[in-house]
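Here the protein sequences come in this chain order: A and B. Numbering-wise, the first sequence is residues 1 to 166 according to my numbering. Numbering-wise, the second sequence is residues 1001 to 1166 according to my numbering.
No lab work stands behind these hints, which were simulated from the structure alone. All figures in this text were calculated on a predicted structure; none of them were measured in a lab. Using N, Cα and C, we set each Cβ at its ideal position, and we do this for glycine too. Keep in mind that the hints are not guaranteed to be accurate.
[As the list claims (entries may be wrong)] To be clear about the criterion: a stretch of chain A counts as covered by chain B if any three or more of its residues have a C-beta under 8 Å from a C-beta of chain B, and this derived list gives those stretches:
hint, region
1, 25-38
2, 146-153
[Claimed, not checked] From the derived model, a few chain A residues whose C-beta atoms are all more than 12 Å from chain B:
hint, residue
3, Glu57
4, Ala75
5, Pro90
6, Gln97
7, Arg110
8, His122
Protein chains: 2
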Amino acid sequence: MEPDQKAGPAHDAYLVRPIGTVRSPRSVPRHDHWGDVSAVIELDPAQLQPDAVTGLEQFSHLEVVFHFHLVPESATVTGACHPRGRTDLPRLGILAQRLKERPNRLGVSRCELAGVDGLTLHVRGLDALDGTPVLDVKPHQQLFQPAPEAVREPAWLRAAMSAYYF
Amino acid sequence: MEPDQKAGPAHDAYLVRPIGTVRSPRSVPRHDHWGDVSAVIELDPAQLQPDAVTGLEQFSHLEVVFHFHLVPESATVTGACHPRGRTDLPRLGILAQRLKERPNRLGVSRCELAGVDGLTLHVRGLDALDGTPVLDVKPHQQLFQPAPEAVREPAWLRAAMSAYYF
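Bound-form chain A, shown alone (with noise of 0.2 Å):
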């Protein structure tokens, strides 16, 4: 049989390994008031050798990318649906927000780092839940971000999130 061209390669699912875990306060799901909140991320020894760390005191924030673990793979949204459940706000694409109940269920977050001790780091305003498994952590780098002054997002969703941090 021929390969169908158009309709392009499949990629194969992957696995991917926690390197660490969240320890936060916070291990009830809710949407405000994240900006204070101090936790730590447990990087695990068995998956990282002690200088993964080397020169992350350097950087004040990080992107840290995790597992919204929480979710059941049957409870993702393939769609749209209303951000928090607000039906007084406009429908979304799931990838047109940040909810949880998304494809792969990959949460992608910046915090500021306050600490580094060995594999331990301490954040603060993380948005990740107790127990949340950490896939990856990387530098925070002002190079790849998009001047602030070219960025255009919808005023509406804005001040819905307007009490996410603070």
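Starting from the known structure of chain A, fit chain B onto it as the hints suggest.
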């Protein structure tokens, strides 16, 4: 046998499944000058409903999570190395840089959204090679970014990356 409390819960690996593919004129890895690259993210209609992108056109920038699929798992770094292989630069831990040879081989990149045509997203400045499996697309929201004036990072690294986009 008693569970070992000290070790903490060992998280399970889990399967992630690509939701789309990058189509880019760039098919060979290179470091710099990504800013002008126009590419397409072809989302997979077998994974997503047509309304998964409803409202996405209201955002100027995307955050794309992808798999560095050309990096074999055996090539990943679990300790420290010189950024870009440049021995004139200080060694950095793998979590203190954004090198592709990292645990779980997950990339997170911002790019400009130039247009939405069904499940085809036209983007600019996406630093991912042709054929890259896309695991998630999120809207870039300024709310989730640290204030630029609060960001601290090593000047030498910024200098070494100065041609990354333009």
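For each hint, the structure was consulted:
no.: 1; hint: 25-38; result: violated (count 0)
no.: 2; hint: 146-153; result: holds (count 6)
no.: 3; hint: Glu57; result: 9 Å, violated
no.: 4; hint: Ala75; result: 15 Å, holds
no.: 5; hint: Pro90; result: 7 Å, violated
no.: 6; hint: Gln97; result: 7 Å, violated
no.: 7; hint: Arg110; result: 6 Å, violated
no.: 8; hint: His122; result: 14 Å, holds
The earlier numbered hints that this structure contradicts are 1, 3, 5, 6, 7.
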